[in-house]
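Engineer: The primary structure of each chain is shown beneath.
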Amino acid sequence: MVKIEGHEFPEDLYYHRDHMWARLEGGKVRVGYNAWAADAAGKLVSIKTRPAGKTVKEGKTLGSIESGKWVGSLKMPLTGNIAEINPGLSEKPSLINDSPYGEGWVALIEPENLEAELKTLILGSDKATLEAWLKEEIEKAGV
Amino acid sequence: MEKWRLLDLGEAEPYTAQTFYEAVAEAVHRGLSPNTLILVQPATPYACIGYHQDLDKEIDLEFTEAEGLPVIRRSQGGGATYLDSGQVFYQLISRDSEAVPRIVDRLFEKVLGVTVEGYQRLGVPAEYKPLNDVVVGGRKISGNGAGMHESASILVGNYIMDLNYPLMARVLRVPDEKFRDKMAKSMEQWVTTLKRELGESPPPEHIKEVYAEVFQELMGVTLVPGEPTEEERRIYAEETRPRHTSREWLYMEAPHGKPGRAVKIAHEVKVVEADHKAGKLIRLRAEVKGTVILDLRVTGDLFVIPKEAVRALEAELVGVHLDESELLEKIKRFYKEKSPESPGVTPRDFVDALMKLKTLL
Chain A
1 MVKIEGHEFP EDLYYHRDHM WARLEGGKVR VGYNAWAADA AGKLVSIKTR
51 PAGKTVKEGK TLGSIESGKW VGSLKMPLTG NIAEINPGLS EKPSLINDSP
101 YGEGWVALIE PENLEAELKT LILGSDKATL EAWLKEEIEK AGV
Chain B
1 MEKWRLLDLG EAEPYTAQTF YEAVAEAVHR GLSPNTLILV QPATPYACIG
51 YHQDLDKEID LEFTEAEGLP VIRRSQGGGA TYLDSGQVFY QLISRDSEAV
101 PRIVDRLFEK VLGVTVEGYQ RLGVPAEYKP LNDVVVGGRK ISGNGAGMHE
151 SASILVGNYI MDLNYPLMAR VLRVPDEKFR DKMAKSMEQW VTTLKRELGE
201 SPPPEHIKEV YAEVFQELMG VTLVPGEPTE EERRIYAEET RPRHTSREWL
251 YMEAPHGKPG RAVKIAHEVK VVEADHKAGK LIRLRAEVKG TVILDLRVTG
301 DLFVIPKEAV RALEAELVGV HLDESELLEK IKRFYKEKSP ESPGVTPRDF
351 VDALMKLKTL L
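Line order of the protein sequences matches chains A and B. In this text, residue positions in the first sequence follow my numbering: the first is 1, and each later residue adds one. In this text, residue positions in the second sequence follow my numbering: the first is 1, and each later residue adds one.
Worth flagging that the hints you see were computed from the coordinates, not collected in a lab. Incorrect hints may appear among the rest.
As the list claims (entries may be wrong) - With the C-beta cut set under 8 Å, the calculated list includes, among others, these residues of chain B facing chain A:
hint: 1; residue: N132
hint: 2; residue: V136
hint: 3; residue: R348
hint: 4; residue: L360
To be verified - Short derived list, chain A residues pointing at chain B, Cβ under 7 Å:
hint: 5; residue: G42
hint: 6; residue: A52
hint: 7; residue: T55
Every residue gets a Cβ at the ideal spot worked out from N, C-alpha and C, and that includes glycine.
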């Protein structure tokens, strides 16, 4: 498993370049915000997402997050219909910081173009590609 | 050395002062504009809420409408505020800049370092207080917020020349006038201005000059004076401004809020109010720094005998942390020593009420 600055990137997940992850669960895909990006943002205090039932294209906005006085976007890693939004996040957005791949998941998606779009994501077991991308991101982040 | 454009928009009407940078951010994101520092002053007053805030809950709309004050929902985070020509704004918009960290705490530390040095050169011994405050003698003297617009990083903040404290407190929606009084006093105590620190504020042109000079030194970039592009003007006129003046944007549904009311005054200082229904209603209003109670007022429909015991309990809890066991011990001891009677309300109820305040911090 790739580990960057103490943050894990599990092998079974797919990673989108807007720092979202995707996990295949039967015909659906669970998505969330990766551990490094959540830490970079700081403790999240607010989240607003598009409602379940909406179809959103890959790379378009799934929601917005706020940590203290920083606001950022959550992007859709894959095109699809939002089947469910994590109900625990509205009460406690910092679940994303505490458990980014577990309790802090953001949405469950019914993908529309899974096969083609998965090829654009980085699989966690492809360590070389994942590390190269994260290195680039960390350099951009001014670490 | 990286070259950035410097846009001095002078004094601008509220929407331009508060939102033109979003059009610049869109242009920067599309690769049509260079990294940019905007300096601007609002020409006239307005109220402003944070991106995720609930308009109705935060702003006294009857008052702003009666006064003809525009209300703007900014794209950045933080709380509701009142702004006018007493502030000079700096707005940084960049993409893939080596000068601008993307890790949020480092971003604030670096950019607020410029604000601090600027204040120092203006004669005010300002300090950086993580995460995003600039203080003088413990009092806030600059408000800052940040965010991403697609691939563009944004940081906005201000130099406070002067502040209309009563209006600042007046535009906010509050549970009652006592809350507003407490908030106004707290603002005067915890927020300061160049005028208060120096007797008179330097003129805005001088503040801008100093900021631009320090910006180049500490950010390691060269500023090149420029003008907004045609494309930026078009984005602003056709996208940014219509979005901000639309009812849909202004009344955007806020994320799930917590019951009670909290107003951030300055670094770590908040005025909060919460109700707790025990056998009787306990309403608590407090000024809190971190988790320490600075001031507390207990009201509601509870009655305590002797009635002076309520004031004594309030005084007893000043300086105490909002920590369950500490509070329980303190309140139990108070009941043991003073033997007040409070039908329908136990020490445990007071603790539960106080812990509700903590959820608002």
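Engineer: Tell me the numbers of any earlier hints that the structure contravenes, in ascending order.
Structural biologist: 2, 3, 4, 6 and 7
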